[in-house]
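Protein chains: 2
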Amino acid sequence: MQLRQQTDFLLYEWLQVEQLNRRGRFSDHSRETFDAVLDTCERIAREKYAPFNRTVDIEEPVFDGEKVILPACTQHALDAYAASGMLSAAQDYDIGGMQLPYTVEAAANAFFACASVSIGASMLTVANANLLMAYASDLQKKVFALNEFSGRFAGTMCLSEPQAGSSLSDVATRATPDGADHADDPLGPRYRLRGNKMWISTGDHELTENIVHLVLAKIPDEDGKPVAGTKGISLFIAPKHLVNEQGELTGERNDVALAGLNHKLGWRGTVNTLLNFGEGRSPVRGSPGAIGYLVGKPGEGLKCMFHMMNEARIGVGLAATMLGLAGYYASLDYARTRTQGRPVGLAGKDPSQPPVRLIEHTDIKRMLLAQKAYGEGALALALYCARLVDELHTGEPDQKHDAQWLLEVLTPIVKSWPSEWCLEANSLAIQIHGGYGYTRDFPVEQYWRDNRLNMIHEGTHGIQAMDLLGRKVLMDNGSGLQILGKRMLATCDRAISAVQKQQAAALQKAWAHVLQATAEAWLGQDPVLSLANAVPYLQAFGHTVLAWIWLDLSLASQGSDKASLGRRHACQYFFNYELPKTGAWLNVVQSRDATCADMPENAF
Amino acid sequence: MQLRQQTDFLLYEWLQVEQLNRRGRFSDHSRETFDAVLDTCERIAREKYAPFNRTVDIEEPVFDGEKVILPACTQHALDAYAASGMLSAAQDYDIGGMQLPYTVEAAANAFFACASVSIGASMLTVANANLLMAYASDLQKKVFALNEFSGRFAGTMCLSEPQAGSSLSDVATRATPDGADHADDPLGPRYRLRGNKMWISTGDHELTENIVHLVLAKIPDEDGKPVAGTKGISLFIAPKHLVNEQGELTGERNDVALAGLNHKLGWRGTVNTLLNFGEGRSPVRGSPGAIGYLVGKPGEGLKCMFHMMNEARIGVGLAATMLGLAGYYASLDYARTRTQGRPVGLAGKDPSQPPVRLIEHTDIKRMLLAQKAYGEGALALALYCARLVDELHTGEPDQKHDAQWLLEVLTPIVKSWPSEWCLEANSLAIQIHGGYGYTRDFPVEQYWRDNRLNMIHEGTHGIQAMDLLGRKVLMDNGSGLQILGKRMLATCDRAISAVQKQQAAALQKAWAHVLQATAEAWLGQDPVLSLANAVPYLQAFGHTVLAWIWLDLSLASQGSDKASLGRRHACQYFFNYELPKTGAWLNVVQSRDATCADMPENAF
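Chains U and E supply the protein sequences, listed in that same order.
Reminder that position 447 of the first sequence reads as 447 in our numbering, one-by-one numbering, no gaps.
Reminder that position 259 of the second sequence reads as 259 in our numbering, one-by-one numbering, no gaps.
If you are wondering where the hints come from, they were derived from the structure by calculation, not from laboratory data.
Be careful, since some hints might not be right.
As the list claims (entries may be wrong) - Computed spacing ranges between beta-carbons, pair by pair:
(1) 66/E x 209/U: 45 to 51 Å
(2) 337/U x 62/E: 49 to 55 Å
(3) 440/U x 5/E: 36 to 42 Å
(4) 54/U x 600/E: 28 to 34 Å
(5) 306/E x 58/U: 35 to 41 Å
Claimed, not checked - Simulated pairs of lysine-lysine, DSSO-like, Cα-Cα distance not exceeding 30 Å:
(6) 509/E x 486/U
(7) 509/U x 141/U
(8) 486/E x 581/U
(9) 581/U x 581/E
(10) 581/E x 501/U
(11) 67/E x 141/E
(12) 581/U x 486/U
(13) 509/U x 509/E
(14) 509/U x 141/E
(15) 501/E x 581/U
(16) 581/U x 141/E
Yeah, the Cβ is synthetic: ideal placement off N, Cα and C, and Gly gets one too.
Kindly generate the complete structure, drawing on both the sequences and the hints.
Written as structure tokens, this is what we have:
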């Protein structure tokens with residue numbers, strides 16, 4: 001309930017999503033249709049996801065030699081999700097979609113992440129099909145994407161390889177034309193793929209009739225060598241089971257073999273695999289290699305894959321956020337009921353008095369307020385970014401322009417900040433539970449384990465930091481920074497009360513420090529030193545963005561109701577306890593501190 | 001090897017433990033005898049502990065209805081530990097001890113924690129027996145403590161209860177005199193105990209012939225009511241199996257029943273239990289209630305229990321530290337061998353060049369240097385505090401005086417700081433491993449899970465913070481602060497080079513800020529607000545102490561060898577990246593920030 005109230009406030013009051021309905025694409029929508037989607041998702045999450053969050057943690061996926069076995073609740077959750085229509089929520093009416101704004105879709109999907117972040121992983125199928133809708137041929141869309149939207153097929157993203165995690169230029173999977181007639185296949189130019197793909201979520205299972213693998217591979221040049229770097233990477237569809245032009249299974253299995261399951265710290269409801277493509281044990285249609293159909297043009301694989309990157313990274317940030325909020329709600333509930341000790345003033349004085357509830361201790365309130373500030377702040381930022389995606393897709397030209405530049409600089413933040421601070425929130429949730437939090441009888445330890453993934457996948461913290469300081473803030477002479485700064489200033493200008501003005505001044509000071517550090521980071525001649533402290537920069541940038549988000553939320557929460565009061569308190573917490581941390585992070589950026597760069601390897 | 005070198009440097013060069021051998025108690029010792037102890041412990045840890053760290057994580061303790069089953073390696077580890085003589089290392093020669101300084105004992109035990117922190121938990125047996133040596137009767141010492149030192153019996157500490165974790169004044173276990181002749185029992189005044197004890201590590205197992213439970217319970221007053229608060233708490237020995245005056249098992253089982261095992265996030269090699277005392281299913285010697293022998297005087301239970309608190313908390317800090325270092329070594333090893341990507345300057349420019357090793361990336365070095373600064377700094381602090389324990393026990397009066405006051409203020413730090421920052425180190429170790437770090441194929445995720453316990457047990461972070469700001473810095477008009485400040489100044493006075501002087505100035509400034517914040521925290525009239533930000537105070541205090549430790553280590557590392565160079569770099573890292581964080585923490589302390597205290601419960 002708490003989450004729904006918060007979501008409603010963010011969508012309808014803060015982000016005013018109903019305004020989107022003035023646009024042609026969304027003109028059939030209203031608060032009623034949005035609410036209906038939110039109601040449905042909230043209900044399915046409550047009934048089919050939340051009760052099984054521990055089940056999928058305990059009953060890890062197993063490979064029995066033939067197939068991957070998942071607990072039955074996974075199938076039930078997936079079926080309910082598909083039946084809700086959410087797989088094609090954003091699609092056109094004429095292919096069965098809802099033409100739902102992305103902001104509402106993201107908010108609705110958040111209920112599932114809060115209930116059980118790892119069951120099903122339907123987001124991957126949606127991302128896969130969305131990508132096909134953008135780049136695939138009409139027949140590829142019909143045969144693959146539409147069957148994914150219906151829930152008949154599932155989809156994966158096969159980027160990483162065992163020897164090359166984050167470094168896609170080192171992709172070694174090769175794609176060679178499949179015979180002389182390879183270009184004439186109606187499903188697309190036909191290639192044979194050979195290579196190993198690592199960290200493939202939902203890489204194998206029996207939950208759907210088929211699995212559509214989207215695979216990055218390199219087509220060798222005229223000398224038979226793969227092109228070095230990312231330019232040589234192309235994108236292929238490699239279905240687990242081969243299909244005909246009607247999307248019916250032909251009965252032939254493609255040469256995509258499960259080489260192993262990864263046994264993870266958390267996020268265990270999603271099977272994660274090592275897949276071998278074309279290892280050649282069983283020839284497919286008489287030849288070795290896994291059959292793959294080219295999507296788009298050769299060499300444009302990364303471009304296609306990164307087309308959906310904003311959404312993918314918002315999705316990771318939202319998952320981290322919902323884990324943070326799940327822990328917040330659990331520890332808040334615990335703190336309201338568990339009795340323990342006596343408040344400071346009475347300690348030791350009158351032990352004959354009964355103990356008080358945990359929430360009556362100030363330090364417990366501090367840990368709850370921190371979680372609230374991290375989790376609700378992150379949720380606001382994620383939905384703000386989702387709103388920008390809608391602006392980018394359906395806004396007027398100037399709105400599109402601003403949204404694009406804002407997303408360039410905010411995407412590394414919306415992905416990294418919740419991954420770091422909502423993980424910290426989960427640690428505080430454990431702390432509030434004391435010893436009980438360290439047991440598997442309470443849900444918080446699982447949230448913490450699940451959340452640790454988010455700083456790693458979809459671009460590590462380090463990669464987000466390099467992307468921000470090394471690319472995004474420099475692009476187009478700093479357009480992203482300028483537009484973001486204007487929005488911050490607009491928020492500050494609305495400050496009226498003394499407290500608000502104080503916060504606005506603190507925000508402007510912190511932002512000025514960020515800008516100064518950005519400039520000074522690049523003063524020298526050595527990019528190694530400019531980027532040596534990219535992560536502290538990312539952290540400071542993120543905290544400053546969140547201070548802005550909180551001030552803006554606070555300005556929209558001037559009522560005397562408890563929810564508004566709570567948001568104003570969380571804002572104050574953020575300005576008093578969190579924003580002052582940015583100074584320490586930025587100092588090393590400004591000075592291009594070389595301590596780390598200069599450390600000799602053998603001195604560790 | 002790396003750990004041993006570091007230990008040797010700290011013990012022999014930095015702490016000069018050989019000087020202890022001038023004292024009567026240690027006069028038979030020399031570097032050779034110390035080295036022999038370290039060699040033995042290093043070898044046993046390598047052979048009997050390290051190979052089984054994952055085993056004890058996977059094969060959790062199981063209760064089969066009659067007994068608790070642990071993997072065989074636990075027995076082997078425990079037996080090897082007992083055979084090493086380490087259980088009685090600190091004891092007098094005449095009872096079979098080694099009269100080893102505590103500093104060396106602590107350093108030697110650290111090898112085990114680094115290899116596998118949760119196997120065996122022999123520290124509890126040692127702590128239990130040490131406590132008996134201080135407060136028990138001669139016969140109790142002989143029957144219980146000596147059999148613990150030999151490894152024949154194990155020991156537990158039964159403080160917490162399900163309804164009262166940290167709040168010992170709410171202990172509800174009751175002790176009633178066992179018949180008219182209860183005071184005449186040669187094993188001590190005999191009582192019957194009834195109550196439940198929670199979080200009891202090693203509470204039941206078959207590893208030893210018997211288990212000696214030390215139990216806190218309340219003796220009812222004349223009206224039959226338990227005395228409120230901590231004053232009514234007494235200490236009892238309740239063996240699992242009853243024994244005679246020769247320490248032989250009589251064949252009677254005491255009424256101490258295993259009510260359940262706790263299933264934990266980590267630290268799974270140590271069985272953790274809920275025990276029911278005197279639940280009455282089977283009368284013992286014809287009467288209900290578990291038999292317990294009073295130790296010391298009635299009402300002095302907490303005093304006895306907290307006698308060993310400094311050592312117990314140093315022990316927790318050391319365990320956290322060793323987990324931090326274990327993760328550091330693992331991720332350093334991984335970073336030196338795993339290749340991934342190309343350095344900044346070359347990125348995208350020449351992808352035909354082979355990828356470099358992780359350690360060649362500056363951000364990886366940053367994460368390694370942070371781990372080194374956290375782990376090695378924490379180890380130095382822990383051994384420094386261990387050295388103070390030796391001063392307290394065997395020093396001249398003025399040394400004792402200083403050691404006592406320093407331990408008062410440093411104990412909350414040595415317990416809390418490694419618990420927080422070596423946990424962060426473990427998270428960085430995962431991050432360096434990327435996706436592999438998130439799998440159970442690498443050891444780092446387990447270190448992170450194991451380490452999460454340390455902010456909870458033996459006094460939570462919040463309790464350490466209240467102890468520091470609410471008690472320790474106020475005692476004796478701030479003697480602890482004054483003596484600590486003098487030691488910091490003495491270190492600063494030895495700064496010679498420009499870098500050292502800069503660091504000394506930064507340390508003095510940070511310490512002055514700590515002192516100012518201490519004073520201003522207590523300016524108001526409301527202890528709730530004075531202590532509202534005790535945790536940020538603890539964090540700032542800890543970081544300042546560690547900056548001092550690092551400066552002192554750096555001053556002792558002026559050679560041109562790689563180890564010295566590495567320590568100077570870690571010191572520089574700490575001063576540039578970590579110490580500046582203290583400002584943000586102290587600001588809320590100084591202003592007695594009321595944001596958390598004022599947050600209304602229903603606004604969360």
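- prompt: Any of the earlier hints contradicted here, and which numbers?
  reply: Structure breaks hints 2, 6, 7, 14 and 16.
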